[in-house]
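Undergrad: Protein chains in written order, with the working numbering: chain A, 10 to 369; chain B, 455 to 756; chain C, 6 to 320; chain D, 1416 to 1918.
In silico negatives: residues of chain D with every beta carbon more than 12 Å from chain C: (1) Arg-1446; (2) Lys-1537; (3) Leu-1639; (4) Ala-1648; (5) Gly-1780; (6) Cys-1808; (7) Gly-1851; (8) Ala-1908.
What the simulated footprint calls covered on chain C by chain A, stretch by stretch (three residues with Cβ under 8 Å from a Cβ of chain A suffice, anywhere in the stretch; the number is not a length): (9) 105-114; (10) 237-245.
Partial selection, computed: residues in chain A whose CB lies under 10 Å from chain C: (11) Ala-86; (12) Gly-152; (13) Ala-153; (14) Leu-169; (15) Val-170; (16) Val-338; (17) Ile-348.
Because the hints were derived from the structure by calculation, they are not lab data. Glycine included, each C-beta is placed from N, C-alpha and C at the ideal position.
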Amino acid sequence: MSFRLEARADASIALKLLVSLGAGLAALLLVAIPVLFAGGSPFTAYGLIIQGAFGSMFALSETLNRATPLILTGLAAAVAFRARLWNIGAEGQLYIGALSAVLVGSGLLQMPPMLLIPTVMIAGFVAGGLMMIIPTLLKQRFGADEVVITLLLNFVVILLVQMLVEGPLKDPLSMGWPQSVPLLAEAKFDKLVPRLRMHWGLVVGVAAAILLWVLVRKTVLGFEIKAVGENRAAARFAGIPVDATMLKVALISGGLAGLAGVSEVAGVKGYLSADLSPGFGYSGIVVAMLAGLSPVGTVFAAVFVAAVFVGADSMSRATGISNYLADLVVALSLLCVLIGGFFLRFRIRYERAAAPAAGA
Amino acid sequence: AQDVIKVAAVWTVPVEQQWASRLHNALVAAQERGEIEYVYSENTTATDYERVMREYAEQGVALMIGEAFAVEAPARAVAADYPEISFLMGSSLPPVEPNFATFDNFIQEPSYLTGMIAGAKTESNVIGMVGGFAIPEVNRLMNAFIAGALSVNPEAKFSISFINSWYDPPKAKEAAFAMVDAGADILYAERFGVSDAAKERGILAIGNVIDTSADYPGTILASALWDGTPMIDKAIADVKGGSFTASDYGIYAFMEYGGSSAVYDEALAGADAVAAAKAKEAEILDGSFKVEINDAEPSSTL
Amino acid sequence: MDVLLDIFGSANFWAAAIRIATPLIFGVLGALICERAGVLNLGIEGIFVAGAMAGWLAVYLGAGLWGGVLVALATGATFGLLHAVLAVILGLSQHVSGIGITLLATSLSYFTYRTALPTVTSPPRIVPFQPVSIPGLSDLPFFGPALFQQTPLTFLALAFVALVAFVLYRTPLGLAIRAVGDNPASVEAQGLSVRGLRIGAVVAGSALMALGGAFLTMSAFDAFFFGMVNGRGWICIALVVFASWQPGKALLGALLFGAFDAFQIRLQAEIGQVVPGQVFLMLPYLLSIVALVLVARRADYPRALLQPWFKGQRH
Amino acid sequence: MTSTDTVLSLEGITKRFGKLTANDHLDLSLRRGEILALLGENGAGKTTLMNILFGHYVQDEGVVRVNGEMLPPGSPGAALKAGIGMVHQHFALAENLSGLDNIRLGTEGLFALGGKAAARKKVEQIIAESGLEVDLDRKVASLTVGEKQRVEILKALYRNVRVLILDEPTAVLTPQEAEGLFTVLRRLAANGLGVIFISHKLGEVLSVSTRILVLRGGRKAGELVTADADRRAIADLMVGKAVAEVKRTAATPAETLLEFSDVHLRRGSTRESLRNVGFALRAGEIVGLAGVSGNGQGGIAALISGLAVPDQGAVLLYGEPITRADPRALVAAGVARMPEDRQHDGVVGTMSVADNIAIEEVRSGAFSRMGLLDRKAMQARATSAIAAYDIRCPGPDAEARLLSGGNVQKLILARVLEREPRVILANQPTRGLDVGAQSEVHRRIIAARDRGAAVLVISEDLDELFALADRFLVVHAGEVSDAGPSDRLDRGAVGLLMAGQAA
Ligand SMILES: Nc1ncnc2c1ncn2[C@@H]1O[C@H](COP(=O)(O)OP(=O)(O)OP(=O)(O)O)[C@@H](O)[C@H]1O
Ligand SMILES: Nc1ncnc2c1ncn2[C@@H]1O[C@H](COP(=O)(O)OP(=O)(O)OP(=O)(O)O)[C@@H](O)[C@H]1O
Ligand SMILES: [Mg+2]
Ligand SMILES: [Mg+2]
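Bound-form chain A, shown alone (with noise of 0.2 Å):
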């Protein structure tokens, strides 16, 4: 017996639940296998997972205010991989956001918070931007590949930041400890809730969304992306600019990278070091992935994977099993959910051998 796919038109409302729900169930029957082993119990564990991501109004915002530089890195990745731009430097790009964040809005302008938080805003796209253009000249030039690229720049640029904050950018005032001045009270981003960590980026990154969602569906610049990304030959003949297409998309994809590292800066932390990020550069493109490239399906991919990981990570510490957990709970939500896309994608046929006429 042999298999063959059939793409499929579109899915149904009712098949994209069955599929989510497959995916969801998958993930719970898998998780509970660490979770034995660890001689826990499952379904405590569930419900723990859950609680720990929506259970109280403090994990909701914890969820939220994880979710929201994934909402922005996965924003990058798609935005770039829409144009067939392999964008894996989101990370470096972040902190490079942060850092002129922390450069424009550390003391260096005195303005009123109505203009400092824009201008704060604005100096992390277009640094986060300028870091991804430059591997895209590159590759337009010297057909460099960007993969590797944008890669190895996040090293490069995680190395840069823990040398300036061990030197020139270093806060005189933590007794020796490698982190950069603070941003100035009006540069920060305020709480949406008293008390609870989530904050503006998260409003930020929704707008960012649906102006992306716009872009991409509704203007010549998000006709012409899609062009060059789908074949760069037809595109070129037919007259789309795309150099310039790819440079504007490196613009926005680092852009939009920066300014989750902006929002870690303005919104949570208040200062830049080398360990501003947990990797968010890279979840990003798993976030956009499973969201399919939609921007504003990249909104609940980002809600997902962040409540899959606050979720596990506070049932890990409910349970006194190895916090270790928790990323393994999301790599194995994320491969069911990656293959559950699959099924919504493709239908697939089971072939027998085509029987032979009788008597032939």
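With chain A fixed as given, assemble chains B, C and D with the ligands onto it according to the hints.
TA: Only chains B, C and D with the ligands this time, still in chain A's reference frame:
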């Protein structure tokens, strides 16, 4: 027996890391003695740190231990929100009333002493030192070690490198090899991996924080040890007795409190050197000698 | 200048370069095999961790060093198979599948290590591979110390370079792998299985990657640590491109990287911090980027890289 | 019908793609030594049927027998083993390997050593016998299409096939190359090989085949013995109705619209390099550019398409030199460009028909306002284009990749001709198109000329050039010579110029 209190620790590193392991082991020991119920999270990122603290706080622990170095502001904010919980956090900043106490591994005293041993022993007058990151609590120990070595051997030179990782023993080993190749005959093993290089090349090493002499027979000249037990036990007792205050528990790392000590392999180090170190140790204990705390980044002097 | 001469003239320096290069050689060969067949494997970083952990654990539990090597190979192969199922059979995004594998392999390794050995206070150790010495050869000036400070795994890595080159360029299998990475249709039209070849290549390549990790815990060191892989897998992804997907150049690239790393460590040790240490740490990455830019135009990309293949579909 | 001579029979083959039935209970049988031509419009199901036969696709119903033995479905390996060889419509070659390696691929045990020398001997012998000359050691990437084609055929012959399928093998060959191929095929057939030959060029079909099978809409439309067939009959059978003959009246050339003046173009490849090229295109004439593929047509096309500017000399549009490589500016100035490779350069497969029709003008006021797309306008334009140009597709929202080659070409015609362009570049305008589509394209091009456009037709098909061109240019080794009005030329004279000999 008094009632068992719940203690939570939030580590930014895995619990094997030398630094955290000293406290982790002390906490495990207290748990095994039935004094506390101990829960912990390890490898917690800066981003997650505040959430983890709050989750433990909501679970209702009596004492929370951790490292505030990279997360001073949120850690202090959490403490402010939970005045009924006692916080004992690694920090380079002062404690905050009423419940935020601080500590650090102030083992510069034994480091100085091991420096004396190394300074006396080196023949090439080159000592290699491999560190993780150049942060205050690493710099402080290296500087004390260097001061100790120079006090007995002004000719001593130091080769220093940082591998920019807490956990990359193969890399630390390579850095150590490089120092041997540059002429070092004694290695200061701030990280895992350095003593391995010393052992492989048949030279000597100085241990840091934990005693690994059994793992490297004939290699470890002396070690500056940190013992978290006095501080942890004191903190547990203080919490139980209601006398926990927002003070600096860092002093419990000092030799006079038994929080740190120097151990020597007299056969390797030589009786004279050990005697000199022990004499200095006595001065430290009686307060007549103070080891300077210098958090500046040290650099090679080859 | 004397310092430079000192460093480059010393056999120990070259020994260090080879040692640092060894895990990269395994990794870059593994990535090369996968990519030659048209499959990017970003799972490499996690497969390194899993190989380091599983190989070490097997030795710790008494399987013997070569038993550990086999366990590492099997572990890598297993994660490779998973990547193959996702990226080849189901044709899912190779980027995401790879990153997912890295996340899974890493977290599973950590979780297993912590849960299997819950009470460790300091990392348990094994007796690792020891340098081989061949009487006569080991005593050669310069080459003796440079080569024969190495453990069997380094020689295994070098042997694999030759083996992979041989298979790729001298056997019909290699022909098929190169073809399937360039144009799967060419392979299917000649009656070979596109899926079979790709799955095989990803499994074999991933097994090799795991040896890169195993080298860290069984040869370069004797214990497993969280985070000890420290980006080495990602470096291999860059080195493959640098090597234009050729085993010989892959060896060269890994050795260059090793030499540079050994050099910067030595320079730091000998002349101290004239510039912030990070500058040195950055240089290998920056130089890799420069090298990539220089070789890019000449690089012979596997044209079908990243492209899924479904039988009976238009492509 | 089952004679001992029958090597291959397909019985009741049905293949559905979703709602579309590409093959509908088709029967076909092939005898030893027979050359069966398989004809049909674009999308009639020819390639699909061959893909089933070869195991690329799995049929929904029906069986394939080779020498009476049932062939397991979906296995090219089994088909090869049973002695079926296939030369694919789109080359199935690994470009990073040499010709020899492509031929060897899959013929030896995966770990067998040292097969290469033996393979080379065998291939060289086949080359000697068949006359299919190729440099076996060159990478396929550097071979011309004709050479690639020969590698494909050698691949099949190397396996001692009993049945050889050729899916439009001549679509990319020059007339000489095609003639060479036919000689080989006749010889092979004489030795007992059964051949299935797919082509849209009726001349070829009539000259090489022994029997003709015509498909229409996935069904068998008819079967003819070649000796009894003529063009009209076949064409009518294919299309299901009479095909209109395209008539061309004499040209009345007016002012010069486009001029090449001493143009030099230096490129890495000789395909695009040009030396000292000068010619003019005038309003109301069709100029045919003849030449063996790879002699500089690419460069001329790139210059008129706005993908390049000359390194020396000038291309003058309406008397003004083009100074920037900017396709959009040319489009705006009224230049219509049809790309040589319509799938690769012509359409974005995953975008809709409507998007592909609008793509050259999205930035213009016609389809956008202040950076926002005017979807309504795009939809309206697509709907009218689909009707006017008879683009067969599910609708304006269907993805372009689902269209057959002929319909993609019609889409491109609709895109470029709608604006009443003044200069038209038609590069291989009917390559791979069926007769119906061909005459439709020709009709449109002639209509545009009659309206006053200047047209340059680049084609390797001399029949096509003679059908369209008022005047001939011939390109050879990067140089262009003027061959004069078409009514004073014959194929022989043009062929000499194409070979680089002065007439
Ligand atoms: N300056 C140019 N003029 C004309 N055609 C070009 C030019 N540059 C590239 N092309 C053609 O455009 C097509 C695609 O462009 P490009 O090489 O930039 O992308 P790509 O290499 O396909 O991208 P990726 O590496 O992401 O797949 C190729 O067919 C190439 O030959
Ligand atoms: N893999 C596929 N998936 C979906 N539709 C397909 C597929 N292959 C072919 N088709 C459709 O089946 C029909 C027959 O296609 P086929 O390629 O067999 O035509 P053809 O007769 O070879 O045409 P041409 O002369 O243009 O080569 C077309 O409508 C085509 O779009
Ligand atoms: Mg390219
Ligand atoms: Mg066809």
